[in-house]
Every structure is written in structure tokens, then in C-alpha cells.
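**Student:** Going line by line, the protein sequences match chains W and G.
Take 1 as the starting number for the first sequence in my numbering and just add one per residue.
Take 1 as the starting number for the second sequence in my numbering and just add one per residue.
Hints may contain errors.
Copies of the same chain look alike in the list, so a pair counts if it works inside one copy or between any two.
Okay, derived cross-link-like pairs now, EDC-like style, lysine to aspartate or glutamate, Cα gap no bigger than 16 Å in a straight line [claimed, not checked]:
| # | residue 1 | residue 2 |
| --- | --- | --- |
| 1 | K36 | E301 |
| 2 | K153 | E375 |
| 3 | K62 | E338 |
| 4 | K62 | E362 |
| 5 | K62 | D340 |
| 6 | K383 | E367 |
| 7 | K99 | E255 |
| 8 | K223 | E301 |
| 9 | K36 | E69 |
| 10 | K366 | E130 |
| 11 | K62 | E344 |
| 12 | K366 | E255 |
| 13 | K24 | E172 |
| 14 | K115 | E12 |
If you are wondering where the hints come from, they were derived from the structure by calculation, not from laboratory data.
On a predicted model such as this, the values are computed, not experimentally measured, just so you know.
Protein chains: 2
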Amino acid sequence: MNNEHKENTGFEIKAAEGGVCAPKGFTAAGISCGIKNNESKDLALIAGDCLCAAAAVYTSNKVKGAPLEVTRRNIADGRAQAVICNSGNANTCAPGGEKLAEDVCALTAEALGIKKEDVVVSSTGVIGQELSLEPFKEGIPRLKEGLGKEGGKDAAEAILTTDTRRKSIAVEFNAGGKVCRMGGMAKGSGMINPNMATMLSFITTDADISPQLLQRALSETVKDSFNQISVDGDTSTNDMVVILASGRAGNSIIEKEGKDFDVFSSALREVSVFLSRELARDGEGATKLIECLVENAPDREMARAVSKSVISSDLLKAAVFGEDANWGRVLCAIGYTEGDFSVENIDVDMESSRGRVTVCRESRHKEYSEEKAAEVLSADEIKIRVNMNQGSESASAWGCDLSYDYVRINGDYRT
Amino acid sequence: MNNEHKENTGFEIKAAEGGVCAPKGFTAAGISCGIKNNESKDLALIAGDCLCAAAAVYTSNKVKGAPLEVTRRNIADGRAQAVICNSGNANTCAPGGEKLAEDVCALTAEALGIKKEDVVVSSTGVIGQELSLEPFKEGIPRLKEGLGKEGGKDAAEAILTTDTRRKSIAVEFNAGGKVCRMGGMAKGSGMINPNMATMLSFITTDADISPQLLQRALSETVKDSFNQISVDGDTSTNDMVVILASGRAGNSIIEKEGKDFDVFSSALREVSVFLSRELARDGEGATKLIECLVENAPDREMARAVSKSVISSDLLKAAVFGEDANWGRVLCAIGYTEGDFSVENIDVDMESSRGRVTVCRESRHKEYSEEKAAEVLSADEIKIRVNMNQGSESASAWGCDLSYDYVRINGDYRT
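For reference, chain W alone in the conformation it holds in the complex:
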């Protein structure tokens, strides 16, 4: 866990080891079963040792991958026990996709001795190509054999596509008088590449919490984490965030709002923001993580929208790639954000581990040293601070720069 960016929640949330296997009640595995052409891992399994409370959020794209429809049905009762996820093929806009997703659930259920309606199924990869059941028939029994507390790394690797590294985290917190844990893994690279990327995130916890409260915590948290990242603005057809809660920590069950729900939500927010930052940092072709912090906005929704608009601007992203403190592009992106707010009195600063430079005051140019600005922008994490000076709400969004490599990766991905 990146302690530099711990959220200041007022609760003690400590780093832990083991990713999605850190909480009691979960094992995982990841293998190569031949869905991808190369021999890299392409099938992941997370298994609960009991029926878990489950919650999920899905892509807003009207074109949805077949696995999303099946998962949505399976999770409708607020319960699930396992997650099976392949990379290399999105099982979207392909013939027989829903049947195949159901067959994958059945194979997983058979191997684990659970009901097929308790399996979460997910896919990421190329759209429009038929996915065969054969690799799953061979792979799922082998995955079952490999399940273990050390399997989190392999699972986190098996869901990757164009990502350059695993994204994984675990934390520890106290709720209901017990030590609880939460682990998560995610893949990108971006939200956002509908062909070979897709944002997927799977989170586990041993806290005991009702499905209703679990869904509430997840739905609130994604607004300030996964929904605040963008690599290229292209919302995938297969995006999915799923959380399973085993209850194995033995805390008194969280069934209503209050301190225990708040600490749980804080842990979930920390896990989600960490994974979101990792996703943005590893965006296709990215060389820099860009964070935009909007402060003193009239309301929270506006702060979210303005920060996301700034990190989504291709022009700003290209400027950051070129290490050019082109603040006019920040003002421009703020200006085309929907909503009713003033653009008369906006301050902009750019900041990194190498210092901070004030570039705009009251929506006007502020003299600064180009040398100093270039030094600040030469770091690999850039924070753009926007003070709207018209309220007290704040929010952050995370993106990455736009590089030659983004064009290269997406210009000839399939060939």
C-alpha cells in the first residue's frame, strides 16, 4: 500500500499482505489455459469457503458483455461464493455468449461443490470473437487444485491484458470489536480499452456485513474512486467491480449505518482509491499519473465533474507528457464541464515531489518560472490543484498522460 497517499479518514487502517486472500475465508489461483495466444496467465479464480454477502457495480455502456448479464442475475439475491474471470476474450457481441458464461459458472460450481447461481463470472479481451468452452473445461479443475492463500498474486496476474503490472492491495481495520481485513485486485489499463482492457476490480473482506449495506458502501465508494479515473474516455462494455464479504472475522454483523459502517466504508474507500490510482498510472502508454484535486466547489458532484473533465482532456494529457505547464488547457476543460458555476475566480497550481508552482490566479495568468514549472512536471506523479473559490466541497480524479505509445498500442493492437 502506498502510504504517501493514505486517505485521512480518522480511522486506523493499516496495510496488510496477501491481496484478495488476506481476509479469512478466501483462497485464489491463476493459470494459463490457452485463451490468450501467448502462454501468459488468462484464468483466475477467487473462492470463498462459505456463502458470502455480495455487491457489484457495472459499466454504464448500453452494450454489455454477456458475463455481466449472468453475474447480475446470480448476484441479485445479495449472495455469491466465487469469482471466475478470464482475460484474452471479452465474450461480448459474440454468438452464444450468455450460454457460454452460464456454462463457465456451472463448471466452476461443479469443481467447488457449490451452486452455479453463486458464481460471479467476468471476461476481458477482444470484442466480437467467439469464446470456446474447451479451455475452461481443462482449466477450471486445475484452478481448483491450485487454490491457496498464496494464490492472490497469480489471480491478479491472470486478469491482466495490456496492463504492465499487477494491481493488488490489502488492509486491516477494526469493526465490531474484531480485526477485519479487506483485499482487492484490479486490471485496466485504463477503464477503458473496450477491446483488450476493461476495468475489472474484485474485492474481498472477512467483515460480516449485510448485502444491503455492502451494496450501499460500494455504490458510494465508486463515485470517488473507480468512476473518477479515465485513460481515454472510452467506457468499456465489460467494466465490473465486485465485493464479497465472508463474515469470517466474527465481528457483530454490520446491518445499519454507524461507526462500524463508517470504518468499513473508509477501508473500502482506501482500497478503491489505491486501485484506481494504480489503474490510472498504468494507463495504456502512460508515463505519468495525473491527479486533479478540485477544492472549494459549490457541491461534491460539481467537484467530481470538474476534476474528471480536467484529467480527461487530451490536450492537457499531451501537455503533461511534454512537461509543459499549459494551464490554459486546464481552464478550458473546467469551462466545458456541464453545470452552473462561475469561471471568474479560479486558481490553478501544479505540484509534484519536485515542488509546486502557481500558474493561474483569479482565472488570469500568474507570472512563474518556466524552469521551475518544467522541474515540477518532470516527476512521474503530477497533481493539478484547482481552487474554485465558490464553496467548500472537494474531489479528486486520476488519469495519465497521452503518449506516442498510446497511439502505437491502439493503432495496431489486433495485428
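Chain W is already provided as a structure; the job is to place chain G on it using the hints.
**Tutor:** Chain G alone, transformed into the frame defined by chain W:
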């Protein structure tokens, strides 16, 4: 005029020569007066020999260039007689911008012997840098001296920034028993680069038409032309389309809807679509023009939104650059367009001067020859045909591919 892409309106609209000077009653000039660092042209003037009916549309960005505010006031009475436009500095977010724009109007009015409230003022270039009046003091009298019927080319050149070529057109049509002409010029490169680009378009006509009808025709036309192009999704602070009508053709004035208004609107649409295509084709770093034609949509607004969503997708743009028939990215971009429509039965074809290939039927992969697809995509104008199969409305949008050069141009523009 590109006859290959003439709109089929049922009216005879013929190509003409002379750009904005083609209509009776207009002269133009363009010079270098030192606003740009290099010695290229940076100041343009279009002068009417009488007070003209005038209409305009402006950027939706909440951050607006100072010249837009002044122009809006000057044009409020539906009348104007001249357009003065500089490139090299946007006069936006800079101290004293509105005063400067008013002084530029006064200098122009003085040189031409007209009222300063009848001048349209416009600027494009870097945001946030103070613009001096000195170059205008020296340049405007010189512009006045240079005014002539041959000045359209110089004027069209003087408004360019990162554009690689002039965009200019003229047409001829019959209205109210008289031959009327319409001319236009525009600059990009894109809508869309708030620092050195901005979409500007100035159109002249000698047709006699009331300011109300002129505004109605313009507002309707931009929905299917200038508002349907995108290079990078970044809406500039200074975008402006202005039309002046001198009435010198001597037609009976167009004061109400009817055949004359329809033929006028058709001519305006032809001029606007031509300029829009030219702007998209010359987008920063562009190597290909991408057109998306959406057919059989439930309503016109939806057709516009879906086509614009497709040509705005970075992923699709990069795929076209790489000449990869990645139709999954088309479906994905359709799917995240806002609105209530079905994504179950969508057909996609890709087409160019080198042939046509069917890649998707009923939202599913359709077997095609990759060789043939690569051949189709190797042309420099690519048309993506989307059949939504759920209505009878259609619309087009125009964009360009995303290339290494876009990143290069925007990564180090100012330095």
C-alpha cells in the same frame, strides 16, 4: 468545392470562385502585423460596403474569450458591417482583454468610416497572454488599404494557427428570382485546441435576408455541420461562426420560411458541411478524415449524438490511424452514447474510395477478409456506416485519426 460530397438537397447549388469575396458587397485582406513571432499572416479583415444582416453562434465553453463578449453585444441588433480577426493570441483569460477588443473595433471602424458597434471582433491563439494594441494600430490602416475582391485568400490565411492549409469555399444559388452567392472561410485545426487552434468560421452572402431568418438558418445548420466535428473533444473558449448578408444580390428579401429560405439554407448547409469536413481533415496530426454516417435512428438528435460519439472515440481514432477494422470500438462508442435506444440490432460497414467491407451484422461479428478491410482503410477518407435499424432519421459527423503527430504537436506546443 468537393463535388464528390455535394449534399443532395434538390436545389441547384453551383460552385463559385472567390471565397468570402464571391458575394457582391464584400472585400477582404490579410497581412502580417507582428502578433505571431514568425512573419506569417496574423490579421484578417472582411469589409461590407453596406450595413449587413448578421447572425452568429458561439462556443458553449463557460470560459469565453474577451472578443466573444464584445461581438455578442455588437451583433445584438442583428446588424454588422465588418469582421476583424487576429491569430497568434486568443485574448482570453488575459488582463484588459475586453477593453482591447473594443479598441480593436474602434480602430477598424475608424479606418472604414463605420460605427464601432458594427464590427465583429475575433481572436485565436495562446490563452492567458496579454495582447498589445500596437500591432493593430499599425496593421489596421494597412489592411484597409489592401482591401479588394482578390483578398479572400490572404484573409483565409491570416486566421490560421496550427492549420496546414486554408479552408475556403464559394457557391451560387437562385433565390427570389436572382443569382445569389455565398462564401466562407474557416480555421481549426479541429474545433478544438484551446491554445493555438479554436474553430472560427466567417461566411458572407449577398442574398437579402432578415437577421431573424439568418440566425434561424445558421442555428439550424451548425447542428449538422460545425457541431458535428471533433478533433480531440476539447471545446475551445473562442469558437465562433459568423455570417454577414449584404443584400446586394437584389433578391426580394427573405423574411419568412418558404422555398427561398429553403434554398438559402441548403446553400448554407453545403458551405458549412464543406468547411466542417475540411476542418476535420486538417485536425492536428491527422492523416485521415473519418466520417460516421448513422442511418435509421429513432430521431435526428440521437443520430447526431451516436455519429459524434463514434468519431470522438480515441480508441477508434487510433485504430483508423493503424488501418485496423476494429469494429468493436464502434459498438462500444455507440453503447456509451447517452439516450434510450437499442443496441441489439446494429450493422456496421466501413467504406472508402477503395471499396466497402461489412464487419458487423445484428451487433455481432460478420466474417470478412482482413486483407480487404486493410485495403479499404488505406484510403485517406474513411466512412463508417452505422445502421441502427430502429427508425428513419440519419446524421453524419466528421473527425480524424489520432496519430503520433497529435501528441507531438500538443506535447510541446508552447516551447
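**Student:** Evaluate each hint against the coordinates.
**Tutor:** Here is what the structure says about each hint:
With identical chains, the CA atoms of K36 and E301 are never at most 16 Å apart, being 40 Å at best within one copy and 41 Å at best between copies. For the homomeric pair K153 and E375, neither the shortest alpha-carbon distance inside one copy (36 Å) nor that between copies (43 Å) is at most 16 Å. Taking the shortest Cα distances, K62 and E338 sit within 16 Å of each other only across copies (9 Å), while inside one copy they are farther apart (22 Å). For the identical chains of this complex, K62 and E362 are inter-copy neighbours only, at 15 Å across copies versus 41 Å inside a copy, given an alpha-carbon limit of 16 Å.
Within a single copy, K62 and D340 get their C-alpha atoms only as close as 28 Å, which misses the 16 Å cut-off; across copies the closest is 9 Å, which meets it. In this assembly of identical chains, K383 and E367 lie within 16 Å of each other by CA distance neither inside one copy nor across copies; the values are 19 Å within and 46 Å between. For the identical chains of this complex, K99 and E255 are neighbours neither inside a copy (36 Å) nor across copies (62 Å), given an alpha-carbon limit of 16 Å. Taking identical chains as interchangeable, the C-alpha atoms of K223 and E301 lie at most 16 Å apart only when both belong to the same chain, with a minimum of 9 Å there against 29 Å between chains.
Taking the closest pair of Cα atoms, K36 and E69 never come within 16 Å of each other, the shortest separation being 23 Å inside a single copy and 57 Å across copies. For the homomeric pair K366 and E130, the shortest alpha-carbon distance between copies (11 Å) is at most 16 Å, but the shortest distance inside one copy (56 Å) is not. Taking identical chains as interchangeable, the C-alpha atoms of K62 and E344 lie at most 16 Å apart only when they sit on different chains, with a minimum of 10 Å there against 37 Å within one chain. In this assembly of identical chains, K366 and E255 lie within 16 Å of each other by CA distance neither inside one copy nor across copies; the values are 52 Å within and 50 Å between.
When the C-alpha separation of K24 and E172 is checked against a cutoff of 16 Å, the pair qualifies only within one copy, where the shortest distance is 12 Å, while the shortest distance between copies is 78 Å. When the C-alpha separation of K115 and E12 is checked against a cutoff of 16 Å, the pair qualifies neither within a copy, at 37 Å, nor between copies, at 70 Å.
Hint violations for this structure: numbers 1, 2, 6, 7, 9, 12, 14, all remaining hints satisfied.
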